[in-house]
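What the sequence shown shows, in numbering that gives the first Met the number 0, is residues 0 to 178, in sequence order.
No wet-lab data here; the hints were simulated from the structure.
This one's a predicted model, so the numbers in the text were calculated from it and none came from an experiment.
Be careful, since some hints might not be right.
With a straight-line cut-off of 27 Å between C-alpha atoms, the simulated DSSO-like cross-links for lysine-lysine are [stated by the list, open to error]: (1) K167 - K47; (2) K28 - K142; (3) K142 - K47; (4) K155 - K55; (5) K28 - K155.
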Amino acid sequence: MRGVFIAFGLVLSAGSAFACSLEEDPTWKDQPISVAPDGSFQHAEDYKYHKLYGGKIVDLGGKLVAQRVTLTTTCGGVFESILFADCHRAEVVSILGAENLDQPYGWRDELVDLIQVPIGAIDLREITSAAELVSIAYENDYKVFLNVEQQVANMKRRNRYDPFNGCKIYYPESRGAGL
Numbered sequence: 000m001r002g003v004f005i006a007f008g009l010v011l012s013a014g015s016a017f018a019c020s021l022e023e024d025p026t027w028k029d030q031p032i033s034v035a036p037d038g039s040f041q042h043a044e045d046y047k048y049h050k051l052y053g054g055k056i057v058d059l060g061g062k063l064v065a066q067r068v069t070l071t072t073t074c075g076g077v078f079e080s081i082l083f084a085d086c087h088r089a090e091v092v093s094i095l096g097a098e099n100l101d102q103p104y105g106w107r108d109e110l111v112d113l114i115q116v117p118i119g120a121i122d123l124r125e126i127t128s129a130a131e132l133v134s135i136a137y138e139n140d141y142k143v144f145l146n147v148e149q150q151v152a153n154m155k156r157r158n159r160y161d162p163f164n165g166c167k168i169y170y171p172e173s174r175g176a177g178l
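Assemble the whole structure, with the sequences as input and the hints as a guide.
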């Protein structure tokens, strides 16, 4: 399972400045978040123009977990990030995927596969702490979000997901599980 590539995200890229008139998704309903036993979730979006969901949380070993989080828009944009939690130190960070330059200018998707090996510099199997992940991300000009807990706290209560859920699932005795 350690070889699985994963990611987490919850932010739109400020760099994507494509003129799009956001159309309402006629199927959207403001539903409370739904979280599965593996930590994956859906319905975390606050707006009728977005869908926010997370994949299965992956145990990286060493009290480290990660999850791919994806935000999609009705304009067609896909924004992925890696949600990485260090359960021992009770730290969580999010690294936004890189812009897909193969797409035309405008709403270019931001994909985590482009920041992870073999294409990018991040190998989650080799990371030993949130600080190390952040250092690698900064060295490679990846977008880093250190205020994940605040971003989640700003969401509607019924749509909030727990950035430390992986700690609760895989390392229930850890500091991160207590948050």
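Hint by hint, here is what the structure shows:
1. K167 - K47: Distance of about 30 Å is beyond 27 Å: violated.
2. K28 - K142: violated (31 Å)
3. K142 - K47: Holds, at about 25 Å.
4. K155 - K55: Holds, at roughly 22 Å.
5. K28 - K155: holds (14 Å)
Taken one by one, the earlier hints fail for this structure at numbers 1, 2, listed in ascending order.
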